[in-house]
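> These protein sequence lines map, in sequence, to chains A and B.
Quick note on numbering: the first sequence equals residues 1 to 328 in the UniProt record's numbering.
Quick note on numbering: the second sequence equals residues 1 to 328 in the UniProt record's numbering.
It is possible that part of the hints are untrue.
Same chains, same names: a pair is fine if it fits in one copy or spans any two.
Stated by the list, open to error - The calculated SDA-like cross-link candidates involving lysine to any residue, where the alpha carbons are at most 25 Å apart (straight line), are:
| id | residue 1 | residue 2 |
| --- | --- | --- |
| 1 | K101 | R149 |
| 2 | K101 | R158 |
| 3 | K52 | A223 |
| 4 | K101 | E122 |
| 5 | K52 | F249 |
| 6 | K52 | E323 |
| 7 | K101 | P39 |
| 8 | K52 | D167 |
| 9 | K101 | G71 |
| 10 | K101 | P165 |
| 11 | K52 | G166 |
| 12 | K52 | V324 |
Hints in this document: simulated from the structure, not taken from any laboratory.
2 protein chains.
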Amino acid sequence: MRKRLLVSAIALGSTLGLVGTALADDGLADYRDRFEPLPHLPSIPADNSLTKEKVRLGNMLFFEPRISASGVISCATCHNPALGWSDRIPRATGHDGQIGKRNTPTVLNAGFLESQFWDGREPDLESQALGPIQADVEMAMDLEGALSRLEGFELYQRRFAEAFPGDPAPISADHLAEALASFQRTLNTPDSPFDRYLRGDLEALSEQQKAGMVAFVDSGCIACHRGANLSDSQFHRIQVPGSTDVGRFDVTGEESDRHRFRTPTLRNVAVTYPYMNNGATETLEEAVAIMGQEMLGRDFEQATIDDITAFLHSLTGEMPDIEVPALP
Amino acid sequence: MRKRLLVSAIALGSTLGLVGTALADDGLADYRDRFEPLPHLPSIPADNSLTKEKVRLGNMLFFEPRISASGVISCATCHNPALGWSDRIPRATGHDGQIGKRNTPTVLNAGFLESQFWDGREPDLESQALGPIQADVEMAMDLEGALSRLEGFELYQRRFAEAFPGDPAPISADHLAEALASFQRTLNTPDSPFDRYLRGDLEALSEQQKAGMVAFVDSGCIACHRGANLSDSQFHRIQVPGSTDVGRFDVTGEESDRHRFRTPTLRNVAVTYPYMNNGATETLEEAVAIMGQEMLGRDFEQATIDDITAFLHSLTGEMPDIEVPALP
């Protein structure tokens with residue numbers, strides 16, 4: 001199967017006159033053209049310019065456990081830099097050990113998504129940021145309480161004033177969200193092997209990974225997993241094994257949204273296991289097989305699963321080089 | 001009060017012929033001689049040599065939440081690098097949000113202590129390391145389960161084999177403890193202003209900090225808070241406000257140990273609030289006043305409290321420059 005695909009791809013390249021036109025062209029230009037390398041930054045909203053002061057403050061706030069009711073849970077607890085900025089457990093575990101109903105999405109490259117959360121209930125990182133702080137099963141903190149704790153630290157008074165100059169009361173819910181969103185917009189993973197491949201380093205992928213890319217396109221995975229972040233940010237109906245989650249129906253109440261979820265990114269998917277909205281799928285191979293069955297209505301052959309899995313491994317980029325901040 | 005102490009100290013220096021013998025001598029050599037600068041490393045036990053392989057593995061294990069029952073609590077949760085390697089809440093909060101009975105001690109410079117935990121129930125970092133993993137109110141994990149989770153990762157199999165070469169089954173409770181202890185022995189904070197002062201940079205302390213050092217010696221604080229880590233590692237009877245904790249009595253059952261606690265380090269005390277075994281004391285000024293009353297039987301004047309507090313701020317050293325590891 002793998003061989004046939006590669007041969008046909010090379011034949012296609014020949015037909016198009018591509019073989020021989022560039023040094024060591026692998027004949028897969030038509031496939032590469034279906035993808036986009038990840039930019040180093042997502043687009044920045046006009047009303048929240050990305051400044052180093054906001055990023056520094058957002059970095060502090062991201063690691064700040066005292067904006068949780070217990071005082072020990074921060075954004076970094078579930079979006080753990082040691083664990084692909086996620087938690088590697090099936091479902092998020094938060095305040096008092098409560099277990100949420102969904103798998104924690106990584107924050108890596110989240111700025112490239114056009115809606116946030118599995119059900120897309122918030123449009124951007126600013127509106128997303130305050131949700132987990134207040135959610136009963138996550139940080140379980142009332143917003144006023146969180147702001148008042150921050151007010152208690154002289155260093156935060158200074159850092160908020162630096163990040164939002166000219167505001168007489170810079171510590172506010174909006175600014176908390178804006179600083180967190182700014183920091184998160186810097187958490188990107190460009191320069192994965194696949195990005196290097198798309199930019200012309202044709203040896204950055206192994207032959208198996210290239211076969212996987214071809215299968216990914218030819219099988220139709222790319223219909224939803226497309227664009228720089230390999231997500232169309234759209235909602236698709238899916239019920240993975242063991243899930244009764246109604247997904248976006250909870251947000252809109254529209255029957256047509258029942259069991260719809262926003263397409264997750266595939267960037268860094270190899271280091272953000274387990275998979276699916278319920279986190280019940282442990283390995284990438286299983287995830288590929290399930291997606292083939294549920295979304296594409298086909299049983300992938302094992303060789304195809306292996307190829308696509310190899311390709312997905314090429315989507316692991318350079319992790320952001322952040323410092324653990326010294327909190328007040 | 002501050003002036004009087006400084007004047008008398010300078011007079012003492014004159015008497016001893018110290019003034020004028022060294023460039024810009026501040027006349028406090030006799031006081032400096034009572035202290036020791038912090039070495040860059042504590043002594044290393046003969047049966048657990050400090051190797052970079054063990055430190056690297058220990059660094060991973062320290063940040064590893066999957067050796068907790070919930071999968072989200074690691075050593076770094078309560079010994080948080082962002083918070084002076086402690087948690088800055090009164091009492092440790094662990095598994096399922098349970099609140100322990102004591103304040104979390106910092107792990108910074110813990111290798112310099114001759115007994116571990118508030119009640120000194122373990123003699124060294126190796127024997128300490130496995131306690132919090134198994135404690136019901138902390139990580140709540142059975143040791144076999146923790147080891148079996150680690151066994152499940154190929155990277156840990158490799159890293160344990162590298163750290164403990166020649167052992168056919170390198171993933172063991174002893175090695176888990178040895179790696180964690182090795183990492184913790186690197187978490188030291190030399191080169192605080194006070195260390196620079198003791199090494200001859202007489203301008204590293206302000207005049208108020210020097211007055212605080214003098215008061216610290218003259219008032220007797222140094223009787224227990226002595227040595228490189230400003231702890232004698234001995235047990236002293238104390239019942240701070242609000243505490244009914246019997247301390248070391250729980251360990252030995254000896255009536256003479258009732259309410260005895262091991263002297264905590266004062267290194268980095270300014271960044272490891274709140275204070276006392278029950279964490280009920282929020283500020284350093286309060287802590288100084290309480291220690292004066294409880295341990296020295298005296299009511300410090302406010303100026304003395306301010307001086308000693310200023311001195312204690314000079315004990316904040318350079319935080320260890322560690323990386324958040326990439327876990328498997």
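> Up to 25 Å between alpha-carbons, please classify K52 paired with E323: within, between, both or neither.
both (14 Å within a copy, 21 Å between copies)
> My question is about K101 and R158: at a cut-off of 25 Å on alpha-carbon distance, are they close within one copy, between copies, both, or neither?
neither (38 Å within a copy, 34 Å between copies)
> Since the copies are identical, ignore which copy is meant and state whether K52 and A223 lie within 25 Å (CA to CA) inside a copy, between copies, both or neither.
Cα proximity of K52 and A223: none, with 36 Å in one copy and 47 Å across.
> From the Cα coordinates, with 25 Å as the cut-off, is the pair K101 and E122 best called within, between, both, or neither?
within (17 Å within a copy, 40 Å between copies)
> Checking K101 and G71: alpha-carbon separation at most 25 Å within a copy, between copies, both or neither?
both (23 Å within a copy, 16 Å between copies)
> Please sort K52 with G166 into within, between, both or neither, judging by C-alpha distance up to 25 Å.
within (17 Å within a copy, 49 Å between copies)
> With identical chains treated as interchangeable, where does the CA-CA distance between K101 and P39 reach 25 Å or less: within a copy, between copies, both, or neither?
neither (32 Å within a copy, 49 Å between copies)
> Classify it for me, K52 with D167: is the Cα-Cα distance of at most 25 Å met within a copy, between copies, both or neither?
Within one copy only: 17 Å inside a chain, 49 Å across chains, cut-off 25 Å.
> Quick one: K101 to P165, C-alpha cut-off 25 Å, is that within a copy, between copies, both, or neither?
Cα proximity of K101 and P165: none, with 40 Å in one copy and 43 Å across.
> For K101 and R149, with the copy left unspecified, which applies at a CA distance of at most 25 Å: within, between, both, or neither?
between (29 Å within a copy, 23 Å between copies)
> Pop the pair K52 and V324 into one bin, within, between, both or neither, using alpha-carbon distances up to 25 Å.
both (16 Å within a copy, 22 Å between copies)
> How would you label the pair K52, F249 (within, between, both, or neither) given a Cα cut-off of 25 Å?
Neither: 38 Å inside a copy, 53 Å across copies.
The earlier numbered hints that this structure contradicts are 2, 3, 5, 7 and 10.
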